[in-house]
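Position 217 (the sequence shown) corresponds to 217 in the working numbering; numbering is contiguous.
Derived by calculation from the structure, the hints in this document are not laboratory data. There's no promise every hint is true.
[Unchecked claim] Quick list of the computed label-pair ranges, beta carbon to beta carbon:
id, residue 1, residue 2, range
1, 205, 160, 31 to 41 Å
2, 51, 23, 36 to 46 Å
3, 127, 166, 51 to 61 Å
4, 77, 243, 18 to 28 Å
5, 117, 94, 26 to 36 Å
6, 78, 246, 27 to 37 Å
7, 139, 166, 36 to 46 Å
8, 233, 104, 46 to 56 Å
9, 24, 51, 36 to 46 Å
10, 232, 198, 47 to 57 Å
11, 79, 51, 32 to 42 Å
12, 233, 160, 56 to 66 Å
No residue lacks a Cβ here, since even glycine has one placed at the ideal position from N, Cα and C.
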Amino acid sequence: MGQSVCRLSLCPHSHFLLSAGQAILSAGQALLSAGQAMLSAGQAMLSAGQALLSAGQALLSAGQALLSAGQALLSAGQAMLSAGQAMLSAGQALLSAGQALLSAGQALLSAGQALLSAGQAMLSAGQALLSAGQALLSAGQALLSAGQALLSAGQALLSAGQALLSAGQALLSAGQALLSAGQALLSAGQALLSAGQALLSAGQALLSAGQALLSAGQALLSAGQALLSAGQAMLSAGQALLSAGQSYYAA
1 MGQSVCRLSL
11 CPHSHFLLSA
21 GQAILSAGQA
31 LLSAGQAMLS
41 AGQAMLSAGQ
51 ALLSAGQALL
61 SAGQALLSAG
71 QALLSAGQAM
81 LSAGQAMLSA
91 GQALLSAGQA
101 LLSAGQALLS
111 AGQALLSAGQ
121 AMLSAGQALL
131 SAGQALLSAG
141 QALLSAGQAL
151 LSAGQALLSA
161 GQALLSAGQA
171 LLSAGQALLS
181 AGQALLSAGQ
191 ALLSAGQALL
201 SAGQALLSAG
211 QALLSAGQAL
221 LSAGQALLSA
231 GQAMLSAGQA
241 LLSAGQSYYA
251 A
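Please put together the full structure from these sequences, using the hints given.
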């Protein structure tokens, strides 16, 4: 009787414990599932962390690349700044060179004008020397004509002396009595012959002097023509230098 009461009194407790055990088992399974889910979530978070780590490393590499690119751009900017300063210096040098060329052109223009003036002066001098040479040529020709006239007169006197010498010889042959007179006439004829020869020598000397003056006049004429050519050449050179100076000044 008492044992049946105990069994009856233990039945609700057993159901309760069984239900509680099943509930705890279910809760354990739920916790196990939750643990597995959390494990999966942890693995997913670990994978996500690794992905974020890889992304961070990629961003770090990209940052370093951007830093290198920035440094390269900075170096390029400094190089361009240096090149700009060099171009500025070159521009200033070209400006100085242009001013120097302008000054040189003005100097060449002045020199060309001076050479033009000198060429005109030499041209005038050459024309004056040409006129003087022509005058000396005319004078030489006149002296040559005078020398030829004196030569003709000397030859005439020589012929007359020879005629007188022949007459003296005839008078000498005519008679011993007229020997003194013939000798006197012979002496006179010889004197006239000497005078004629002297006049002939003087005429030849005047002829030589006239020819020398003619040669000197021709030489002066050639020198005057050469000076005229030189003056024209210097005039052309002065005009060329003037044109070059004007071109440099215009440039």
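Each hint tested on the structure:
Take residue 205 and residue 160: their Cβ atoms lie about 21 Å apart, and the range 31 to 41 Å is violated. With their beta carbons about 40 Å apart, residue 51 and residue 23 fall inside the hinted range of 36 to 46 Å. For residue 127 and residue 166, the hinted distance range of 51 to 61 Å is satisfied, since their beta carbons lie about 59 Å from each other. In this structure, residue 77 and residue 243 break the distance hint of 18 to 28 Å, their C-beta atoms being roughly 50 Å apart.
In this structure the supplied range 26 to 36 Å holds for residue 117 paired with residue 94, their Cβ-Cβ distance being about 35 Å. Take residue 78 and residue 246: their Cβ atoms lie about 47 Å apart, and the range 27 to 37 Å is violated. Evaluation of the 36 to 46 Å hint for residue 139 and residue 166 yields a pass: the beta carbon distance comes to about 41 Å. Take residue 233 and residue 104: their Cβ atoms lie about 24 Å apart, and the range 46 to 56 Å is violated.
Restraint check, residue 24 to residue 51: a C-beta distance of roughly 39 Å satisfies the suggested window 36 to 46 Å. A C-beta distance of roughly 50 Å is found between residue 232 and residue 198, which places it inside the suggested range of 47 to 57 Å. The supplied range of 32 to 42 Å is met by residue 79 and residue 51, whose beta-carbon atoms lie about 41 Å from each other. Under the hint 56 to 66 Å, the C-beta atoms of residue 233 and residue 160, about 59 Å apart, fit the expected range.
In summary, the numbered hints that this structure violates are 1, 4, 6 and 8.
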